[in-house]
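Listed below are the residues making up each chain.
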Amino acid sequence: MTAESQPSAAVLDGQLLGRLDRRRPGLLVGSLASGALALVFIYCWGYQIANGIGVTGINRPVFWGFYIINFVFWIGISHAGTLISAILRVTKAEWRRPVTRSAEAITLFALAIGGLFPLIHLGRVAIFYYMIPYPNSRMLWPNFRSPLVWDIAAITTYIIGSALYLFLPLIPDAAVMRDRAAAGLRKRFYAVLALGWRGTAQQWHSLEWGIRILAVAIIPVAVSVHTIVSWDFAMTQTPGWKSTIFGPYFVVGAIFSGIAVLMIAMALLRRGLSLERFLTDRVFNNLGLLFVTMSLVWGYFTFAEHLTVWYSGDLFEKNVHHVLLHGDFAVPFWTMVVVNLVIPVAVLSFPRGRRPLPTALVGCGVLVGMWLERFLIVVPALSTPRLAYSIGDYMPSWVELGIMIGAVGVFACLYFTFTQLLPIVSVWEMREGWRHGGSGEAGDATSDAAATSGTAAAPVPGGGGA
Amino acid sequence: MAVTRPEGLPSGRSRSLGDGEDGGRFGCRCAGPLAGIWILGLALVACGPTQNLPTPEQPIAYDHQVHIEAGLECVRCHRGAEEGVHAGMPSVQACAGCHRREIPDHPEVQKVMLANENREPIRWAKVNVIPDSAMVHFNHRAHARAGIECLTCHGDVASMTVAEPVRNVADMGWCVECHRENEASDDCLACHR
Amino acid sequence: MTRWGMAIDLDRCTGCEACVVACAAENNIQTVGEEQAREGRAMHWLRIERYYEGEFPNVRTRFMPVLCQQCGAAPCEPVCPVYATYRNPEGLNAMVYSRCIGTRFCANNCPYTVRVFNWFDAEFPAPLDSQLNPDVSVRPGGVMEKCTFCVQRIQAGKDEAAQEERDVADGDIRTACQQSCPTKAITFGDLEDPDSEVSKWAESPRAFSLLGDLDTRPGVVYLSGSEWREPAE
Amino acid sequence: MTAAGERHLVEAAYERVEDMRAVVEAALESGIAASQIEVRSPAPLEEDELPLPKPKSRVLLFALAGAVLGGLTAFGLAAGTALAYPLPTGGMSIVAGPPVGVVTYEGTALGLILMTVLRVLWEGGLLPGRGIRSGRGRASDLDHHVANGRLLLRVHGLSEEQAGRLRDSSRTSAVEVG
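Chains as they are written, first to last, in this note's numbering: chain G, 1 to 466; chain W, 1 to 193; chain V, 1 to 233; chain X, 1 to 178.
Since the hints were derived computationally from the structure, they do not count as laboratory data.
Treat the hints with caution; some may be incorrect.
Cut-off 35 Å, straight-line C-alpha distance, at most; resulting in silico cross-link-like pairs (DSBU-like, lysine-lysine) [stated by the list, open to error]:
1) G:Lys187 x X:Lys56
2) G:Lys187 x X:Lys54
3) X:Lys56 x G:Lys92
4) X:Lys54 x G:Lys92
5) W:Lys126 x W:Lys111
Okay, the calculated beta carbon distance ranges per label pair [stated by the list, open to error]:
6) W:Ile60 x V:Glu35: 45 to 51 Å
7) W:Asp132 x G:Asp314: 28 to 34 Å
8) X:Ala139 x G:Leu32: 30 to 36 Å
9) G:Tyr134 x V:Glu164: 41 to 47 Å
10) X:Ala65 x G:Val297: 35 to 41 Å
11) G:Thr156 x W:Gln65: 50 to 56 Å
12) V:Thr183 x G:Leu307: 28 to 34 Å
13) G:Thr156 x W:Gly84: 22 to 28 Å
14) V:Glu123 x G:Trp398: 20 to 26 Å
15) X:Arg138 x G:Leu421: 24 to 30 Å
16) V:Asp159 x G:Tyr134: 41 to 47 Å
17) W:His106 x V:Pro182: 58 to 64 Å
None of these values were measured; they are calculated from a predicted model.
Glycine residues also receive a C-beta, built at the ideal position from the N, C-alpha and C atoms.
For reference, chain G alone in the conformation it holds in the complex (with noise of 0.2 Å):
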């Protein structure tokens, strides 16, 4: 362990809620920088639908580009929390307890702007709507033949249970929120958020049954949405699309840039909110671990995908694998395979290489490379087509890196102000393990820390040994 005292659990209870308390200016300019990103989103989806969807670099034999990627690695992103927060939780990993909340909300903020993507890049967004079922006087539904009209059902599933899986565990603390401030608008924020929790024995059970099931049940919406959003591409004919893996591998990619999200989001976090009590060393080791396991995974898949091409012998096939490979698309595979596979088994493999800063490095570049691997999925296989005489290429315009750019900003306002507003260490969560004397750092409680806090006047409850 590390070379810290381990403070009590009344020390570390008082030390969470005092961070809670306090204003930080730092959040406050942060969300604000992001805010104006944000502007730049808003701005530039104006201009595509003022001006038609050609203002893109879209074309044909492209017909998909920068905004079908960003769905994909938004909607992989959001698999940071929910599903590794279900795991966790699942398997009852006394660690989880301060990472889950803001895995939890990574979750539910990427995949409310991965779901943005598909109506960005739709000729029409004005009747986007014409893909859900309801009673309309067309006499006309959706076909649900279409892996578009699955990705509506399971998008739709997997944003509602996020959501509700990120806030049933936060009512309890947006009742201590509510308790400890003081009147005003604040309390009735989390007076409206905390429905009238008073913490009583029946919501406390209640409660406990609500999450294990809900994370139960979230772990195979989770994969169902990424296996559904990798059908977008392997239910078609196309070379290069077309492939049985898909839906695994996708999967497998969308944990690995989830666990990179929340690897960088933990770093970042630890630091800005002086959380290296809570987010220790122990915890950053044991997600580098499940990081360096996942690109290992990721690297077993993606050479499954490509040995199996190139030994097939199919035409077709093969010009999409060749440009990946030696043609043109060359110089972003490769990238890919060391940003997420080199880089990241050289680095995590070994103790020193699993600390915050050096997972959250190796997190930065994943995140650059699988971005570029869902570039790599969309965009060789669509300037490859069957018939030679259409093959083409695809430049972005400034609206579509507007958009993308945009969207992190975006991402980082929602983040920002969630983190302003809510605890996102989960209090109560913390304090379970503190009373179990189970979670991760509050092992033994020494007089020691003790002593160093003003905040721990009253007696001592429930140590390690209790």
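Knowing the structure of chain G, use the given hints to seat chains W, V and X on it.
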């Protein structure tokens, strides 16, 4: 060329927060009305034909009833209704041809005579409109051939002093229903192309 | 039942592109201009693909008009989320513009890359608007389109036959490309009618389907006497 | 169940479960019913930490019911609407298996999730109206203790004598008695 305009979807109005201590009530206080608005909206969208249709203003106060009572038939003026794809409008000369004998001094008729003299068409306003964005190519003679009466879509224009729409002819569900009842084609390409 | 089909005799095709022009005029296809065309956004429902064989100076050019193959098992159809493209009872691969929301999924899944997209609203500044075909809608921006086998002519032909109380005869309905082909390389008609010209052409030993091994069951049959059956690799 | 006359409510906040346990045990021995005792905690308590009956929950049952309901709804949506509004499909089956399967799967999950959350809120008295009726959701002056990590004991419906005794027994171990 205008892009298809979306149908108005219902949207819920947000309310101010309830009292802070029992903020939980806020969610449900809104949920009921919101669900209600949503369902109402669906019902409105689903019942397209009942919506109010505007009666356009015509350049000349033409009275259908008077002309029918005088013994004319619909197809006397709207010849294409039986013979062509478009029902069509009578030429100014055709109007003037009759009115040279019949009530030539009527102030509205005077407008027709003036247009005829100046060789200007009369710009009648379309009463039953299928918007361009629907991209529908309606074929009058195919419907006449199938024995569909004019009044099925246009209403009893024969007893109207001012021609007004009685049905929303752009309501696709109504078209499809009728096609299915009469075993006409329900292929999209029958109308949209 | 009817199944509309087309047969194209490649041995007769000279690559003159009269069909391409006729198609654009008949179907109100927008002209996108140089800049857009350079970006790969030229709109043609029918294109002449050129392939070169041999070494200079013994080069031979082959032409292949490629249009929507009106597949019997079309890959574009099941992927459309809104039923804007579907298979109609007469074997046409229908495209309903007013229904299209512009996901472009169909175009991605078309192995022949024959679907074209309206990236912007079509503009026909006067006097070009006077040459628009009134029987064909002008498509707005954000909408997919493709060869319809001149469905307006098919509907008009059937309407005319019904008005005259007879069946549609072979040769009644002619597509714009067929009509304009100087070498009569294109024929159109009912593939279900064994006596129609197109059926007879389709039975020729020279007949083949483009990318036939995909089993899309095209409604367009190509005829070629040479060993060349597929486009160059 | 208690004697006629005014009923009293005693509240006390504790740092440790052990302290509260003694008070609760004493209260139960003095004839106060378990149903009169309400414990509020900043984090869930273990089953055996207090000698009070374990709360019951039917969340799982409702979750499964929600799954069935959601699945049926989604199946009806995908298969039923396709049958009710047959569109020309050119010979393909009107209702296709895999798509209906996918939509049904997602509907099942959605139904399960929604019903789980609704039931959790219902059981906890967090739905509008519920909390007020049962008296559970009402605020207490000492709730800030729970927010700050202490435990809160509330005993309802006491006679004046019982209340006095409870206050006395709490005075030594509790942080604050209200």
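Taken at face value, is the distance from the CA of G:Lys92 to the CA of X:Lys56 at most 35 Å? Holds, because 22 Å separates the two Cα atoms, which is no more than 35 Å.
With 24 to 30 Å as the target window, see if X:Arg138 and G:Leu421 comply at their CB atoms. Given a distance of about 25 Å, which is inside 24 to 30 Å, the answer is holds.
Outcome of range test on Cβ distance (V:Thr183, G:Leu307; 28 to 34 Å): Between V:Thr183 and G:Leu307, where Cβ atoms are some 48 Å apart, the hint is violated.
Quick one, are G:Lys187 and X:Lys56 close enough, alpha carbons at most 35 Å? OK: G:Lys187 and X:Lys56 at ~31 Å, within 35 Å.
Regarding G:Thr156 and W:Gly84, is the given constraint of 22 to 28 Å on their beta-carbon distance met? 48 Å, violated
Verdict for X:Ala139, G:Leu32 (Cβ pair) under range 30 to 36 Å: Between X:Ala139 and G:Leu32, where Cβ atoms are some 35 Å apart, the hint holds.
Within a Cα-Cα threshold of 35 Å, do X:Lys54 and G:Lys92 meet the stated pairing? Distance of about 22 Å is within 35 Å: holds.
Has the given pair, W:Lys126 with W:Lys111, been kept, meaning a C-alpha gap of at most 35 Å? OK: W:Lys126 and W:Lys111 at ~19 Å, within 35 Å.
Given the hint of 28 to 34 Å, check if W:Asp132 and G:Asp314 actually sit that far apart at their C-beta atoms. The hint (28 to 34 Å, Cβ to Cβ) is violated, given that W:Asp132 and G:Asp314 are roughly 46 Å apart.
Is 41 to 47 Å respected by the C-beta to C-beta distance linking V:Asp159 and G:Tyr134? Cβ of V:Asp159 to Cβ of G:Tyr134: about 35 Å, so the range 41 to 47 Å is violated.
Consistency of beta-carbon spacing, G:Val297 to X:Ala65, with hint 35 to 41 Å: 37 Å, holds
G:Thr156 versus W:Gln65 beta-carbon gap, inside 50 to 56 Å or not: 54 Å, holds
Figure legend: structure checked against the earlier numbered hints; hints not met, in rising order: 7, 12, 13, 16.
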